[in-house]
Amino acid sequence: LAKTTQPISMDSYEGQEVNITCSHNNIATNDYITWYQQFPSQGPRFIIQGYKTKVTNEVASLFIPADRKSSTLSLPRVSLSDTAVYYCLVGDVTGGATNKLIFGTGTLLAVQP
Amino acid sequence: ETGVTQTPRHLVMGMTNKKSLKCEQHLGHNAMYWYKQSAKKPLELMFVYSLEERVENNSVPSRFSPECPNSSHLFLHLHTLQPEDSALYLCASSQTAGGSYEQYFGPGTRLTVT
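Chains A and B, in that order, are what the protein sequence lines are.
Each residue of the first sequence is one higher than the one before, starting from 1 at the first, in the numbering used here.
Each residue of the second sequence is one higher than the one before, starting from 1001 at the first, in the numbering used here.
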């Protein structure tokens, strides 16, 4: 199984850059790395996805080293509204997939004023 | 508006009841998913449908029965549930079934089994 490991929680202040790292040592060749954000009592929301190197969109950047055994979600200049749980996700959903699609325990990011 | 709706948003049922959860996606996607999220636990993938065919069943007890009549609708039929089945049940859809496709989640149904 593509088990992912993330810090349980992180604290930050408004305006800071936050980097959340996820470890996925047994990632398979075909697996993508996807990050989701979840607020209490809501469904997760897609943030960013990548396969290798660096990906950037309007809300975040994703850094993936060459061995792909880890990834880092970077949130620039966080605000109070970024307080949420962040999940790293790898794997696939088909029966023949090497790694089943599994959400890890997530990282609770708490942004202070 | 996420494009994925779920009803009801809250449900309380006894262990002998039969109820159904409904999910509808308005995104033209071909894959739909059911997840369970218990308190302080990660999301657990329960079922995956691709073009109305079930492609994944993660050892879910038979008291949970999914149904996908078309690519826009997904149901989860519940019967003889246990208190430990109380959780947030989330539906999601994606363009195609697979880990490389962004999933769009609904708001979830908060289920309490008494």
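Some clues are possibly wrong.
[As the list claims (entries may be wrong)] Using 30 angstroms as the maximum straight-line C-alpha spacing, the simulated DSS-like pairs for lysine-lysine come out as follows:
id: 1; chain 1: A; residue 1: K52; chain 2: B; residue 2: K1019
id: 2; chain 1: A; residue 1: K3; chain 2: B; residue 2: K1041
id: 3; chain 1: A; residue 1: K100; chain 2: B; residue 2: K1041
id: 4; chain 1: B; residue 1: K1036; chain 2: B; residue 2: K1019
[Claimed, not checked] Okay, the calculated bits of chain A under chain B, using three or more residues with CB under 8 angstroms as the criterion:
id: 5; stretch: 12–22
id: 6; stretch: 42–49
[Stated by the list, open to error] Computed Cβ-Cβ distance ranges for the label pairs, DEER-style:
id: 7; chain 1: B; residue 1: S1020; chain 2: A; residue 2: D11; range: 19 to 27 angstroms
id: 8; chain 1: B; residue 1: K1018; chain 2: A; residue 2: N57; range: 19 to 27 angstroms
id: 9; chain 1: A; residue 1: N19; chain 2: B; residue 2: P1042; range: 46 to 54 angstroms
id: 10; chain 1: A; residue 1: V55; chain 2: B; residue 2: H1073; range: 27 to 35 angstroms
id: 11; chain 1: B; residue 1: H1073; chain 2: A; residue 2: S41; range: 39 to 47 angstroms
id: 12; chain 1: A; residue 1: N25; chain 2: B; residue 2: T1114; range: 24 to 32 angstroms
id: 13; chain 1: A; residue 1: N57; chain 2: B; residue 2: P1083; range: 35 to 43 angstroms
id: 14; chain 1: B; residue 1: E1084; chain 2: A; residue 2: N26; range: 26 to 34 angstroms
id: 15; chain 1: A; residue 1: Q42; chain 2: B; residue 2: N1017; range: 25 to 33 angstroms
None of these hints come from the bench; they were simulated from the model.
Computed from a predicted structure; not experimentally measured.
Quick reminder that beta carbons are idealized off the backbone N, C-alpha and C, glycines included.
Open item on the list: For K3/A and K1041/B, compute the direct alpha-carbon distance and say whether it is at most 30 angstroms.
Closed with: The given pair, whose Cα atoms are some 14 angstroms apart, holds under the 30 angstroms limit.
Task: Distance restraint evaluation - N25/A, T1114/B, Cβ atoms, bounds 24 to 32 angstroms - done: Since the Cβ atoms of N25/A and T1114/B sit about 42 angstroms apart, the hinted range of 24 to 32 angstroms is violated.
Open item on the list: Tell me if the beta carbons of N57/A and P1083/B are separated by a distance inside 35 to 43 angstroms.
Closed with: holds (42 angstroms)
TODO: Note whether the CB distance of H1073/B and S41/A lies within 39 to 47 angstroms or breaks it.
DONE: Since H1073/B and S41/A have Cβ atoms about 23 angstroms apart, the given range 39 to 47 angstroms is violated.
Open item on the list: Given the hint of 27 to 35 angstroms, is the C-beta distance from V55/A to H1073/B inside that range or not?
Closed with: holds (33 angstroms)
Task: 30 angstroms Cα cutoff - pair K1036/B, K1019/B - done: Roughly 16 angstroms separates the two Cα atoms, so the pair holds.
Task: 19 to 27 angstroms as the expected CB spacing between N57/A and K1018/B, which holds or is violated - done: Once the Cβ atoms are compared, 44 angstroms apart, the range 19 to 27 angstroms for N57/A and K1018/B is violated.
Task: C-beta pair Q42/A, N1017/B: status relative to the range 25 to 33 angstroms that was hinted - done: Cβ of Q42/A to Cβ of N1017/B: about 26 angstroms, so the range 25 to 33 angstroms holds.
Open item on the list: Does the beta carbon distance between N19/A and P1042/B stay inside 46 to 54 angstroms, or does it fall outside?
Closed with: Violated, since N19/A and P1042/B (Cβ atoms, about 21 angstroms apart) do not stay within the stated range.
Task: Coverage of the stretch 42–49 of chain A by chain B, judged on three or more residues with CB within 8 angstroms - done: Per the Cβ count (6), the hint holds.
Task: Beta-carbon spacing of E1084/B to N26/A - inside the hinted bounds 26 to 34 angstroms or not - done: Holds, since E1084/B and N26/A (Cβ atoms, about 29 angstroms apart) stay within the stated range.
Task: D11/A and S1020/B - C-beta distance against the hinted 19 to 27 angstroms - done: Distance hint for S1020/B, D11/A is violated at roughly 42 angstroms.
Hints 1, 5, 7, 8, 9, 11, 12, counting from the list given before, are not met by this structure.
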